[in-house]
Structures are given as C-alpha cells and as structure tokens.
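Given chain A's structure and the hints, the job is docking chain B onto it.
Those protein sequence lines, which keep their order, are chains A and B.
Counted from 1, the first sequence has number 366 at position 43 by my numbering; the numbering is strictly sequential.
Counted from 1, the second sequence has number 901 at position 675 by my numbering; the numbering is strictly sequential.
Do not rely on the hints blindly, as some may be mistaken.
A partial selection of chain A residues facing chain B, derived with a Cβ cut-off under 10 Å [as the list claims (entries may be wrong)]: (1) Arg347; (2) Gly350; (3) Tyr351; (4) Leu372; (5) Tyr373; (6) Tyr377; (7) Trp389.
Here are the simulated DMTMM-like cross-link-like pairs (lysine to aspartate or glutamate), alpha carbons at most 20 Å apart as the crow flies [as the list claims (entries may be wrong)]: (8) A:Lys340 x A:Asp359; (9) B:Lys410 x B:Asp963; (10) B:Lys548 x B:Asp512; (11) A:Lys340 x A:Glu402; (12) A:Lys392 x B:Glu259; (13) A:Lys340 x A:Glu380; (14) B:Lys1101 x B:Asp963; (15) B:Lys364 x B:Asp907; (16) A:Lys408 x A:Glu388; (17) A:Lys392 x B:Glu251; (18) B:Lys548 x B:Asp563; (19) A:Lys392 x B:Glu248; (20) A:Lys391 x B:Glu248; (21) B:Lys384 x B:Asp525; (22) B:Lys560 x B:Glu357; (23) B:Lys384 x B:Glu569; (24) B:Lys1066 x B:Glu755; (25) A:Lys391 x B:Glu245; (26) A:Lys409 x A:Glu381; (27) B:Lys760 x B:Asp899; (28) A:Lys391 x B:Glu259; (29) A:Lys392 x B:Glu245; (30) B:Lys364 x B:Glu581; (31) A:Lys391 x B:Glu251.
Ranges of calculated distance between the beta carbons of each label pair, as one might list FRET restraints [as the list claims (entries may be wrong)]: (32) B:Glu259 x A:Glu402: 14 to 24 Å; (33) A:Arg417 x B:Arg244: 31 to 41 Å; (34) B:Ala346 x A:Arg417: 55 to 65 Å; (35) A:Lys408 x B:Arg631: 39 to 49 Å; (36) B:Arg244 x A:Leu364: 31 to 41 Å; (37) A:Leu365 x B:Asp265: 41 to 51 Å; (38) A:Trp418 x B:Asp265: 48 to 58 Å; (39) A:Leu364 x B:Asp265: 54 to 64 Å.
What the hints contain is simulated information worked out from the structure, not anything from laboratory work.
Every value quoted in this text rests on a predicted model; they were computed, and no experiment measured them.
Idealized CB from N, CA, C, for every residue including glycine.
As a plain string of letters, each chain reads:
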Amino acid sequence: MKKPDSLQGTLDLLVLKILSRRPRTHGYGIMAAARDCSDDLLRVEEGSLYPALYRMEEAGWIRAEWIKKDTGRRARVYELTAAGKKQLGIEESRWQSASAAINQVLRTV
Amino acid sequence: MSLWSRVANAVRGEQLSREIAEEMESHIAEAVEQGRDPDEARRALGYNYQLRQQTETSYEIRTVGWLELLRADILFGWRQLKRNQVTSTVAILSLALAMGACIGAFRLMDALLWRPLPVANAERLYALSREAFDLQGKPIRSEMWAYPSFSLMRDAVKDQAELIAVSPAIRTDLTYGSGQDMEKANVQYVSGSMFQAFGLQPALGRLLAENDDRTPGSHPYAVLSYDYWTQRFGQDPRIVGRTMRYGKELYEITGVVNGPFTGTDPGTMTDIFLPAMMHPLVTRSDASWVRTLVLIQSDTALEPLRQRLSAISRAFEQERAKGFTGADKIFFQKIIDATLLIEPAGAGISSLQDEYRNALGILGVLVAMVLLIACANVANLKMAQSAMRSREMALRVAIGAGRGRLVQMLLVENAMLAVLAACLGGLFAWRSAPLVVTMIQSYDSPVRLLLSMDWRVGGFGVGLVFCVLLLFGVLPALRASAVKPVSALKGGDDDPHSRRRLMHGMIAAQVAFCFLVIFMSGLFVRTFESLSNKPLGFSPENLLLLDVVAQPGQPPVVWDQIADNLRIVPGVERVAIAGWPLLSGAEWNNFVSVAGGTPSPMVTYLLAISPGWSETMKIPLLGGRDFRPGDTAPGQAIVNQSFVKTFFGGKNPLGKTFQERENHYQVVGLVADAPYANLRDAIVPVAYIPFHEVNAQGVAQPETQETFLVRTSGSNPLASVLRQAIPQARAGFRVSDLRTQSYLVRAQTVRERLLAMLAAFFSFVALLLAAIGLYGVLNYSLQQREREFGIRIAVGARIADIAWQATSRIFLMVMTGAVIGAALGIVSVRYVETLLYGVKGSDPVMLTGPALVLLAIALLSALPVIARASRIDPKIMLRAQ
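Chain B with its partners taken away, still in its complex shape:
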C-alpha cells in the first residue's frame, strides 16, 4: 500500500470502517454457509468485543496513525474556532489585515526592487555608479555615463566582463505612418550586444547584435518587446520590415524579443529597443545619458575590476577637465574624485527604484509592526481563551494525554487560524497592491509593474504563516499545555500571575509598536501637509498646459502666431509660451558670471519664456518690465528675487548684465520667487530668457518643442477644443501632451501622499488592534478577579478603588509601552529623514501626539470593563461561587 493510499485512507476513514465491517460480514456469511452456527462464528470473530478492537487495529494498519490524529485535530480545532466565533473572527480579521498588508508590501517591493530580470545570468549582473561630494559636502550619486566613457571602459575590461549600455526608458512620440498619427511608446536605447549577453531569443525576425554598435547614426533598426507587439500589433507577423519614425530618423523594425523581457527599468515597460548608436548624444563627452550594466564572468573578482574601471573613468574625466577654469574646475575636480561603485543590479535599475526604495522600506517596517501588533493581540486572545479551557486541558492530561499531543492539538487550531487569515490576507493583497501602483502613476509616464502572484509571493505567504504561528501560536500552546491537572480541576487557575504577566508584557510591546506606527504616520502626514500647503508663488488653477511639437522645427514667430490663434478661442484669458512648465521636473542650469567675473560656485536655472508669461502664471512683476516682442536670447533676461540675492547682493538688478557660457544678458525685469523644478528644493536663482533664440549672426533659430500655457476663465472643458485648434492653426504642429498646472503641483507630492495615506491607514489599524487587545486583557483580568473584587466590595471598597485595582497595571503597561515606543521613534527617525519635509522628528508635538492618542484609546477600552466592575454585586457573586 503506497503512502498515498494511506493518506487517502486517513481522509476517508469512515468508508474504510465500512469496508472492514463488510468484509467481516462476508466472512460470517461464508462461515454460516459452511454449516457453522452464526452465533459461534460471530463469537469466533469476537463480534462484541474482539471485532471492535480488531477493526481498530486493522484500521490503524491501513492508515497513517498521526495523519488520522491530525484529521481529528483539524476537526476539533474547527469546532473550537466555531465555538468562540467572536474571538476567532476578530483574530482572523486582524491577522488577515496585517498579513495582507505584509503580502501586498512584499509584492510591491519584490516587483520593483528584488525580482530578477527575466534574463540569463541575472545573478551576475551589476551596475556602475559614481559617488561624489558636492560643494556643500553632501554626497551625490550618479548612475549616468557619457557614451565615450562607457565605450572606453567596455573595451578595457572585455576579457573579464561584458559592459552593456542602456538608457533609461523614455516615453516619447513616434509614428508608424504619417506625422499626424503620432503615438506614445516607451523607448530604450541599448547596446546591440545586450540581447546576446542576456540570452534573449527573437520571437520573430532578428534582434540587435554587436554589429549594431559600430558607427554613430547608421544603425536605424528597432526591436519590439513581445508585450508591445501583442498589445499594439496583435502579434501581426508582418511587422518585420515595417518602418517607424522617431525624431528625424526612420527606423526599420527588425524583430520581436521572445519572452517577458521589457527592458531593464522596473516601473517602465520598454516597448521599443533602439541601438545606442542612434542616440543623438552618443558622441558627446559632456552628456551623461547611459547606465552601465556589467555582466561579469563567473570567476571575476569584483574589486580589481572596479579599480580598473575607476582608473579609466578617472582618466576620461581628467582629459575632459583640461579645458575648464574657475568654478567649473573646482566643481569638476569633485567629479574626477568620485568613487566608482559596482553594485548588484539583477533586478534592473531605474529611477523609480531610487525614488521609492526608502518609502517602500518604511512601508515594509510599518506593516511588519502592524503584523507584530496583530500577533501580540491574537496571542493575548488565545491566552485568555486557554485560561477558560484550563479545565478541559487538565481533564485531558488526567486521562492520559501527553503534553506533545496537547501542543499539537492547540498548534493545529492556531495554524488553521493563521492559514485562514493568510488566505483572506492574500485576497486583500491581490486587490490592494495594484491599487498602490495606480496611486504612484504619473500622468505622462504610466508606472507598470509586473505584479504576478507566483511562487515568490506564495513562498513569502507560507513563510509568513510560519512566522505568525511562531509569534502568536507557540507560546500560548505551550502555556496552555503546561496545565497542572490537580489545581486546575480543583477550580483555581494553576498560576494566574505568570499568565497575566505574559499578557501584560504583550500589551506593553503592542503599545510600543503602535506608538511607533502613529509617530511615523504623524511625520508623514505633516510632511505631506507642509509640502502641499507650501506657498507656490503662482496660481495653478485654471491653467492648461499644452506640450506642442513641430516637425520640422519652426521659427519663434510662427509659434507666436499660434499663440495668437489660441487667444481668440472663447473662454481663453491669457496665453504664453515656455520651454517647459514649472514643476514639471524638467530643468536647465548652468554657472553664470556677473559683470565679467569668474563663474559663481552656485548654479543658475534657466527657462525660456514668451512675453506675458509672468502675467499668465500670476507671478508678480516686482520691477522693470516684461519681455517685448523684439527681445531675444541672448540679449534680455528677467530674474527672480533669489537670483538678485545671490548675484547682486539684493541690490537693484535692473540694467545689470550677466553671462552664461558665451551668451550675454541684460536684466530688464524682476519677478517674485517661485519653485522651479520641484517643490522640495529651496527656491533657486532663476533667469528667465526669451524663447526667441538667435544665433551669433542674429538669425532666429527654429524650435521643435514648446509648452503653451493657457489660462482659462473657468473650468469649462476647453481641452479638446485647444487640442484641435493647434493643428488647425498650422500644419506640422501637434499637441503631444495636455496637462494642467494643478496636476503638476499634485504630482509633486505623489510619494508623500502615498506614504501619508498608507501610514495613516496603518496607524488606524494599529490603534484598532491595540484597542481590541487592551479590552481583551482588561476583560480577562476582571473575569479572573471577579471573586476578589466581590469580597473587596463586600468589605467596603469603593468603586473607584476597584476600577483602579482592575486597570492600574494595564495603564502602567501602556505607559511603559509608550515610553519604549517614543525611544524607538527617536532612534529610528534618522532613517526616514530623507523622506520628511518641514517637520522634525524631535518635535515634542510629534511625540506627545501619539502618547495622548494611545492614552485616550486605553481609557476608551477600559471604560466598559470599569462599568462591569462597578456592577459586581458581592451577594450574587459570592453565592455563585
């Protein structure tokens, strides 16, 4: 009989008994047929006594003994769970919530940070980055390299490792037909050798190869990802050989990658791979735009490799620095002195990772904390329950149950609880993780993560069940099984104090974790508040932003004409043009020198604008004049207050000049400060220059891309009208994106909002759990001491004394927990500092807040217990006992 059939036998125990009985019946019938007396035959088989025993031994042989016991335990455990429905429901729900949050957080972190790329040798994949210190001594990191630097490094270490250049995935406009049918897709420039190095195969056609890494600009081939081929082209096999226009270049699609590979940028799924040689900046030494991935050979030592790469990179930068003087040179020395780092990148490398690594880490800690609280809670509930069951346990011990059996029985019950909770929690995580991903969406670059529920998540879930079981199940089970039958059966608990001490310790731990969660969420909520309430310096309401592209580029006057066309659309109040909107994340900065001096050590930010821009943005003009139609760049400039403070010592800037590279500007106007690229940074010096750009001969330069800022009179839906108005105004112009300024402002706080919302949610859950836990323990200790209180009341104790007696220890525990939590909070706040804004962890308000909340919760959960204690009637109580 195989193990399987034995397992099967254990499950179908009843059928087995029936079969054995039937066989016995058949035996007796046979005997009677042979002429034996039925009674005698039965006796021979020992029907009354022997058969039972015999069936049982027979039965035991046909099943695995422990499996049968397990089955019994599961049935019994299920009955126990059903009997204490309220406790079980509370336990399962609170565990499910906490476990679900953990699984959800794991899914997110796994998808973004840990899951290996679906390529061969992901475990041998590393990425290069540089760490330098800026002029203020703060560390700055860069993962970006100039292509010439990359190619020097690649050739130098060819024998030890394969270097692969990949650009970040960019969401961009391209077309498979005419210029009017532009569409968005994610494009990533990669080394041609990448596909072979990653062991990727074509599903169709051919992939890029090393031969596509030869000459800048002469490999116009594109490879599609399988996902994109499916979504966009419905797996049309005729795609190979079709052309795609992106920028000025016409690309031929050569093939489709087989498998789930969608680039090396977790968070963005690459649709189209282009050879790095086709990037417009591929020959430039001063433009860093590629990430360098390193696929090492299995026997390569990292440190010597790092040193070789570092030497080459350093030599490259030194060569480049030769032409620099002054502040540039000091600044550049920092770049030369940068440390080269080589770090594992098997999970890919993306800016989304950098942005959310810390935030997700904090989230992970918060959910772990909630899980600990939930476990402490359930452990307490179980322990209180086991006090009620101590007689049952004592009886079991008295009739011969071993301790091992009791522990197994209780553990099975607890394991069922944990598994039920994990299933519910998995469901919760399945729904909630994608929700979080949609929360970090930004408008123009949808975040797409592969959130699969696979063996990694499953394994984590199983691990979690074991952890949880260890945390809440083992201790109460051991505690309950250590019952001393004599004292328990006599009616008294064996040692109420040790059990209560344990429960009180759990309460303190729970409160400490709860404090920490509330403290953290307080910090995040404050951060979000101070960022979103930060004065902007401009008015984002009713401001539409149209990113417009022209193919080929058109001179500024044509752009002005389009702006004029927009001004006559009903509902439009003002129209201005800028290189890009404020707070869009785009930035352009450089060193400037004032009055012919050396360049300053502080960079100035620049933005090209049209006349009427400050009025459209509602940024007050504090002095001088706005741009006029004849102003050009180089030529005139408007600066902000911060620029004046930095470069002119706060004195009147009007009429003064400054120089950016070889371009000279005269300040004609002064505007109020406004944030430039992002809300978190301090206000930077900004020079606004006319978007009418001219070359040295004074000839206007064509522009391919500008943003129209349209202030409307109300929230009337002008968007579609404007979208059509632009191509109608002039052929060759097209709206590539339509956003609102309010959206950009909101997008600045996406991460903060996410953290604040989730942290607030988790602190709510933590509080709820803590309240349940407190109530449970208070209620239990009241039940334990009802007799004592009855006597106390009988001999004249007042209600207040009783209330104090019943709750004082718990309050002491709450205080202890809060103090521990505060200490933990103060210690841990430095790990979250980078995520905070406008709030200090050492702020006493941030520390007293959670303490007060916890105290209030403790009082609230004590009230019903105190009420019950005050209703104890000594006469009834003592008579009942």
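Isolated chain A (complex conformation):
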C-alpha cells in the first residue's frame, strides 16, 4: 500500500463520507453526490474514482455487491465496512488538522 498523499486522501475521504451517508451507492451515484453536495464545486473524475473504489475495496474499507436495478441492468453498489468506518474517522481528523494547519498558515503569513 502506498503512502496516502493528500490528494488521494481527499478522494478517499469524500468517497467514504458519501458512502457513510448513503450506503449502497454505485459509482455514478458517488460521483453525482460529490458534485451535488459541493454545489458543483468538486468534481470527481471517473478515471480516478473507479481505481480508488477498487483500491479501498482491496484495503477492506468498503465492500461491493452486484444488485439488479429496476431497469434490469446490473449495478455494483458499495458500502462501508467496520474498517471503513474507522478509516473515515482517521481521514476526517487528518483533514481537520491539515486544513486547520493550512488556515493557520494563510492567516499568519
């Protein structure tokens, strides 16, 4: 597992947070949620979202399941695992301290 760089950390945080609010969401749903909740300010690229999902699945933070939608099409939905919930806590506090640190820098310099 690579070191979490800040960008990746952010994406993970977003995805985990969205999944904690709306369990059993598919990839597109996560993307849409990120956009909607941030009033179109944040965009998650498809090209990063899916690898991130697989990576987190591999890490055991989220688990996936195929469901059949009303349209008849199969969709893969994700939800948090216990480890994922813990990870979300870690990511959140890391974000808090990082953003606090950056804010402090912006204020003082």
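This is chain B only, laid out in the frame that chain A set:
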C-alpha cells in the same frame, strides 16, 4: 479483499475484466439517464484510451501482479512444451522413469529401514548388539541375547532406561480349535512391559503388562494385532477369552492392540504377541533368542549406559565360560571380548533389514545415477532448444524484458516439465514398489511391508522435483536468458562455444554415470549367474519336500511307517526323511573331537537323516554303506568329503570315530560334498546321523517334526495327494508346509536375482538415455555448423573429414566419461563386495564390457548424424543462408 480472493481473481482474470467492463457500462447508462450525452459520458470515462488503461490499473489492483504473470508463464510454458512435442515427450518420459525409480526406491527403503515404528518415543528407541571377531579375524555381529543376560541388564539400568526383549517374528503353526485345524500366523515373544513403554492402548480387552514378565511358563496370554484381528476374525468382539493352542501350550487371548502397530520386525507383520516368559528357552543361558531394545529416558547419556550394560553382559558371559575347555574356550573368549553396541532402532529391527540394507543402498545409488543421467539429458535437450529460441529471447530483451523475468519464464516451463514427470513417476513408483516386494517374497514367510503413499513419500517427491529442477532447469534457464540481443538478432549465436562446451561436459558426466551403472549391473548379473550355475552336488528336480509335524511327538518307527505308506503312492519313486531339507537355511552345528582329542577349532554341521536319503537326493555314496534300519544316533554316522579333509587329513574315514558333546559316532559311509544351509558359503564339513535318536538307555526318542523328501517320477501334480496321504496314514500327523527342493535352490538367489534384474533394467534405461542424449547433442552441433560444413565441402573436404569434424569431440567426451566411470567403478566396488559372489570388481572383462557397450551406443547414435552431414549439399546450403 483477502489474499485468497486476489489469488482467485488472478485465476479468473477474464471474468474480472468482464465485470469491470459491465460496471463501466452501467456507469455510462446512469450518466445517460441523468441527461448527459452518451458520447460525452464515454469520453469522460475515456472509452477508447482511458478505459483500457483504467481497466488495467483497476484490474491490477484486484489481482496479485506476479500471480497473473505466473499464470501467463504457465500458459506460455505449456504452449512451448506442446510446440516441441517430441523433445518434451522424451524429456518428460526419461525424467518420469528416473524419478519414478527414485520414488520407488525411496518407498522401499523408507518402509524397511527408516519409517519410525508407530509407537510413542520411537526417537528414543535403541537396540543392543555385539560385535566380535571370529577365529579368522572377520567381524561377526549378533543382535541376539540369552534371556537371563537380558534380565540382568534390564534390572541394572532400570533407573536410566527401559529394556524390552522382543524375539524375531516367527511364522508358525497354531490353532483356535482342534489339532486338525492348524493355521499359520506370525508370533512374536515380547516383554510384557513393551506395550506400556510404547504407549500402546488396547482396542479390546487388556494388553500384556509387567506382571506378565514374572514367572517362566506361567503367563499363557496372547494379544492380537489390530490388523490380524481384522483380517482373521473380522473384528469379532467376542475374541477376548477365546483360547489358542501353540506348541504344547494353551493361550488365552486377552486383548487386541489398537492402532497400526504390528511388531518391531519390519518385513514381517506380527499377528500374535506372547509374553517372553512363555518361550521354551527363557531360562537357558546358552540360547540367544531375544533382541534387546532400549528405551532411554530423554536425559540419559548413551556412552555411560553402554559401558554399564557392557560390564554386565561381559560378567554374564564370563560366568558362563567357566565350564568350558579347549577350543570352546578360545572361541568363547571371543564372545566375552565382544564390543557391545547401542544403536538407534526407531524403525524397528529385523533380519530382512540386515539382508537388504546394502542391496537397497546400491539400488538407491543406481537410481540416483539414472536420475543424474536423465537430468543431464534434459538439460542438454533444453540447451539445444534454447539455442533455437535465442532470437525470441533477444527480441524479448530488446523490448524491455528483464533477465529476472526471462529466467522466471523459463524456470516455470522447466518446473512444469519436472512436475509432470514427477506425477508420472509417482504413478510408476506406486505400481512398481509392491512388485519389488513380491519379488523378495519367500514361500513360507511372506514379506509384508507397509508401503503407504503418505506425506513422507509426498515430501520426498517434492524435494525430488526441486533437486531435478536445480539440476536440469536452472543452468539452461540462466544460459538462455543471458542472450545478447544485438548479436543474436543479427543471426549469429552469441557464443556457441561456451554452450557447446557445457553440453559436452554434460555428455562426459552422463557417460561416466552410465558406465558406472552398467559396470555395477554387470557385477550383479555375474554374481547371480555364478550362484545359480554353481554345482549343487544333488538333483533338486522332481523333489517334493513335506514338512510334517506330529502332536504329540511320535517315535521314529512311526515316521518310518508313514514313509512306507508314501512309497506306495503311484508316481512316487523314493522317499526319505530328514530333520530339514538342504538349503532351507536351517542349521545345526557344533565342535567335534576326533579320536578322543580336544574339539577342533572348526565347527561341523549335522543333519539327521533316514536310510535312503543320499539316494533320494542323488548325492553319490563314495564309500562304505548307507544307514540301515538298526542304526541310531548316537552310534553311526555318514560324513562328507569336506569332513574327511578337515578331520582325517583326506584318509579313509570308514570305521573311524568322532565325538560331538557326549555322543560318540562311528563313520560307516562317505558321501560327496553338497551345500548345507546356503549356496554362498564354502562347502562345510557335514556329519549325517540317523534320525533314530536314542537316549543313554537306548530308548528311542519321540520326534515332533521331520521333513519327508519325496522324489517323483515326473512333474505330475502329486502335492495334494501327498498332503492328504499323511494324515490318512496316521492320525496326529499333519503337513505344515509343502515345498519343492528347486524352490529352495531358487530362494537362495532371491536377492541376487532382484539386484541383477533391477540393475540390468536400470542399465538399459541408462543406455537408452545416454543414446538419446548423444544423438541430441550431435544433432545440435551439426545444425550449428551446417554452414561451416557446407563451405568445407564446397572447397573440397571429403565426407570422412566432415564426419570426423562433426563427431570427434563427442567421441573424446565419451572416452573421457568412460575413463572417469571406470575410475569411479574401481573405487566404489569395495562398497558392494559383500553382495558379490564369484566375480571380482578388478576383472578387466567387467571393465572393458561397459566401455565397449558405450562405444557401440555412441557409434549408433552418431550414424544418423553422419548420414545427414554427408547429405549436405553446399549449393543448397549456401543459397539458403
């Protein structure tokens, strides 16, 4: 995602790709539903370029990278193996044969020599033996002890170790009903304390205990092995309390041992355990019949224990020697001076082990040699193949393959080869090892070994695969991956000479091993020949042997009457009676003194016979007369030529007397020499005495067991008639065994036949492999040098020159190999000397034979190559290039 699911993902790669693709499709559909333009959505996902990459990164995350590569390597390796079908088949078959032989040999050796007994603390089990030197200075070993000596030793070291007495397993007659329903079973006398010491539990009833070691003759209890209980009684739980008659004694069956324990005699499975106290010789100081096992406590040092035991044993023998005088005394001093040895016996201890330990060891070396030959062969084949593939390798390197990847790829291919060969070989071993066991069967004591295919064999197989891979796989893989792309792609081989040198070295090694295998098998075949062609001095054809027992014993005249009854059976020519047949292995010897002198230093062998014995055996009577009905023992004797030479200096023995113990005999006849107990020994002095044994008062003694020798007029099936005729002639008599004298003669050479057959088989395999290897290398070097030869022919070289050019180095290698092999053979022959008979390892014929065979094989495998070289047409050749 667990490791397992990743492994699973690697295996089902395609399904995974499909799943990812489906998820992407579902994503796009969702986007379209939300009102996005499908094309735009696709572009966002980067369908053409991005998706592929994305799927692949996604995919790589969901599998273990190297595992996927391994899968690819296996598929590719399989394709390579299939592409070179002939080479692969040859490689797999030759490796399979060699590996199978190795696994088979391992199974045999493991079952007989190494596998720990299924008891607790087998690793702490030792056995005592004595090593002394006989009068000729040759070492003699004995593992047998007199029971009183054993019990002294046991009591003395009680605090350090537990001593357990076990007799060898004996195949014998016993009955669960009347005397008419006798049957055979393997019986072993053991210390009562054995079961507890070995941590054995009863499946039923009770086992023997220390209390059964108290008083001689008063513990008539028997314990059955689980295997026997199952086979003979179908696990009948009512067996406890039933009685069994063996000899004069009636035993009560007290229980059944749980588990696979069948005694301490590998090769014989004990059916019934009896307390050592019930053995008829248990109180005798002069009869050695028990083996002494030592179960040491985990903190006991061996050497002090050995010294304590040695002192007790020595004191015992010294006490015993007090009554001896003369030659007996000199002989006995040797026994007193014997060294006591304590050796690991976790695998049990049996005479079969002693008999076959060396032979199996040699067999192991031979199969290892065949394996080395096969490995050298496959390495050469692979190396030649990699020459063909050097362009492919160069291309791979040129587009960025690392050397590690190339080596992995080639190793995977080779490993597949080795595993396939091992599987085939395992199959071969599974079939062949029991076959070898049936070959060492003797008629009256079936050899039974637990030949299980368990983790020990499995582990050996896996180890073998790694060894083999190391031997044939690594070098060619390294060699092939060290390709220099520039020169290889330009069309030339990078360094043909180094590769060819390596291949030539392998050829020399192969020939050396091959020489050794052929040399050894030559020795064994000669040994078998000289033993089986040895003049017997009697005629074994059409001679039936009936071992007859009488319960209770009957006086000799009754036995004579039965012989008379047999004489009138149609087809019977002659009938005689003897204590036991010649060459049955049974023997009775003692010191004799001639003309009232002191006993001679050489022992004389004795055999009790009836009148007409020498005629029935067709042993010529050279002087004097045969026994008459009135002759008795002591009283009259017939001696052989060797006896006359030893004791009467070759002078006429008739009328002379000799003394064995307190018995006096007068020589009335002289017969020609014949082997006594076994074929290998030199002819021994034999005194034949009448089986009419009388005591000091001249009263005839009852006999319980004799052998009837029946010479028949042809090979008509008289066996069953005779078997019935004896109990009909007289109640209480019963045939316990029916053999033929020819069978006993053949049984003398069972081990030699086995070694000769297997060694001959392996030398055939070795030759075949060597021929294939030689052909392969010759063919390869011809291919490499075709261009050169074309030019040579174009500028006027003759075919003979070309042939010489193409093959001279190989022949040099064959010579080198043969010389090395001969040297190895001369050095190693002393390790097999004990197994040889009538042949010397230094015999030049034995050394030149294999050399000639190898040369012939080399020529034979060179012929097609020379033929091809002679057909090289320079015009076509040079134009093609």
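So, going through the hints one by one against the coordinates:
no.: 1; hint: Arg347; result: violated (14 Å)
no.: 2; hint: Gly350; result: holds (5 Å)
no.: 3; hint: Tyr351; result: holds (4 Å)
no.: 4; hint: Leu372; result: holds (9 Å)
no.: 5; hint: Tyr373; result: holds (6 Å)
no.: 6; hint: Tyr377; result: holds (5 Å)
no.: 7; hint: Trp389; result: holds (8 Å)
no.: 8; hint: A:Lys340 x A:Asp359; result: holds (14 Å)
no.: 9; hint: B:Lys410 x B:Asp963; result: holds (10 Å)
no.: 10; hint: B:Lys548 x B:Asp512; result: holds (13 Å)
no.: 11; hint: A:Lys340 x A:Glu402; result: holds (11 Å)
no.: 12; hint: A:Lys392 x B:Glu259; result: holds (13 Å)
no.: 13; hint: A:Lys340 x A:Glu380; result: holds (15 Å)
no.: 14; hint: B:Lys1101 x B:Asp963; result: violated (80 Å)
no.: 15; hint: B:Lys364 x B:Asp907; result: holds (14 Å)
no.: 16; hint: A:Lys408 x A:Glu388; result: holds (18 Å)
no.: 17; hint: A:Lys392 x B:Glu251; result: holds (14 Å)
no.: 18; hint: B:Lys548 x B:Asp563; result: holds (15 Å)
no.: 19; hint: A:Lys392 x B:Glu248; result: holds (14 Å)
no.: 20; hint: A:Lys391 x B:Glu248; result: holds (13 Å)
no.: 21; hint: B:Lys384 x B:Asp525; result: holds (14 Å)
no.: 22; hint: B:Lys560 x B:Glu357; result: holds (10 Å)
no.: 23; hint: B:Lys384 x B:Glu569; result: holds (19 Å)
no.: 24; hint: B:Lys1066 x B:Glu755; result: holds (13 Å)
no.: 25; hint: A:Lys391 x B:Glu245; result: holds (14 Å)
no.: 26; hint: A:Lys409 x A:Glu381; result: holds (16 Å)
no.: 27; hint: B:Lys760 x B:Asp899; result: holds (13 Å)
no.: 28; hint: A:Lys391 x B:Glu259; result: holds (16 Å)
no.: 29; hint: A:Lys392 x B:Glu245; result: holds (16 Å)
no.: 30; hint: B:Lys364 x B:Glu581; result: holds (18 Å)
no.: 31; hint: A:Lys391 x B:Glu251; result: holds (14 Å)
no.: 32; hint: B:Glu259 x A:Glu402: 14 to 24 Å; result: holds (22 Å)
no.: 33; hint: A:Arg417 x B:Arg244: 31 to 41 Å; result: holds (37 Å)
no.: 34; hint: B:Ala346 x A:Arg417: 55 to 65 Å; result: holds (59 Å)
no.: 35; hint: A:Lys408 x B:Arg631: 39 to 49 Å; result: holds (41 Å)
no.: 36; hint: B:Arg244 x A:Leu364: 31 to 41 Å; result: holds (36 Å)
no.: 37; hint: A:Leu365 x B:Asp265: 41 to 51 Å; result: violated (24 Å)
no.: 38; hint: A:Trp418 x B:Asp265: 48 to 58 Å; result: violated (36 Å)
no.: 39; hint: A:Leu364 x B:Asp265: 54 to 64 Å; result: violated (25 Å)
Going down the numbered hints, you'll see the structure goes against 1, 14, 37, 38 and 39, while the others check out.
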